[in-house]
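Asks: Sequence:
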Amino acid sequence: MTDPEGASDYGPAPLANGGVVLFRMAPEEEPHLLRLGPDGGLHALGEEGDQPWPVGGGLVFHSDRDGTDAVWRLDVDGVGAVRVTPAGLDEGTPTVTPMPSPDGGWIAFTQGDDRESQVWLMRLDGRDRQRLTDGEPHSFPAWSPDGRALVVTRGRPTAEADPSGDLWRLNLSYS
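Heads up, the sequence shown stops at 232 in the numbering used here, and the numbers go up one at a time, no gaps.
Bear in mind the hints are in silico, worked out from the structure with no lab data behind them.
Here a beta-carbon is modelled for each residue, glycine too, at the ideal position from N, C-alpha and C.
Check before you lean on any hint, since a few could be wrong.
Unchecked claim - Have a look at the derived ranges for each label pair, beta carbon to beta carbon:
# : residue 1 : residue 2 : range
1 : E193      : P69       : 38 to 46 Å
2 : P159      : E193      : 22 to 30 Å
3 : L189      : A73       : 27 to 35 Å
4 : G192      : N74       : 37 to 45 Å
5 : A83       : T150      : 25 to 33 Å
6 : D185      : D121      : 21 to 29 Å
From just these sequences and the hints, can you work out the full model?
Replies: Below, the structure written as structure tokens:
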């Protein structure tokens with residue numbers, strides 16, 4: 058599908074129209090969001106960030122485009138990037154790994170650094186934000202197909218010293 062010379066493509070997210078959204082990173086550059094159309098045409102979406110996830114007519118992704126790690130939403134045409142996590146709320150604390158619910162109405166995400174990270178849930182528009190975990194670090198949320206549960210990692214699986222991690226299921230009740 059792609060063969061970038063001198064760069065790496067990663068984080069593919071298939072789209073309903075048969076296209077794919079991905080990130081491309083060249084040496085000494087930040088990763089940039091691209092859309093690969095069903096016809097093979099590559100279109101720059103003009104965004105920096107990490108791992109896009111399709112939701113509705115667009116996608117959500119993590120970026121530090123305004124100086125703070127946050128969750129952003131973007132139309133697949135590359136128009137109208139909107140910060141989803143509210144500005145000024147826990148400013149300076151990274152917000153990463155956004156994962157949209159199967160129905161597209163909610164986003165689960167990780168907030169905090171490697172030692173203090175916790176999993177949160179909020180509506181796609183940023184409302185009804187709620188913390189789902191506490192205590193030991195939790196991260197990397199993944200939805201069950203029916204949207205009634207999340208599987209998360211408890212521990213520090215990416216720690217350089219003494220990594221640990223096990224999976225936990227969180228049953229959800231939200232509306």
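Asks: Would you mind marking each hint as holding or not holding in the structure?
Replies: Here is how each hint holds up against the structure:
no.	hint	in the structure
1	E193 to P69: 38 to 46 Å	31 Å, violated
2	P159 to E193: 22 to 30 Å	27 Å, holds
3	L189 to A73: 27 to 35 Å	28 Å, holds
4	G192 to N74: 37 to 45 Å	42 Å, holds
5	A83 to T150: 25 to 33 Å	29 Å, holds
6	D185 to D121: 21 to 29 Å	24 Å, holds
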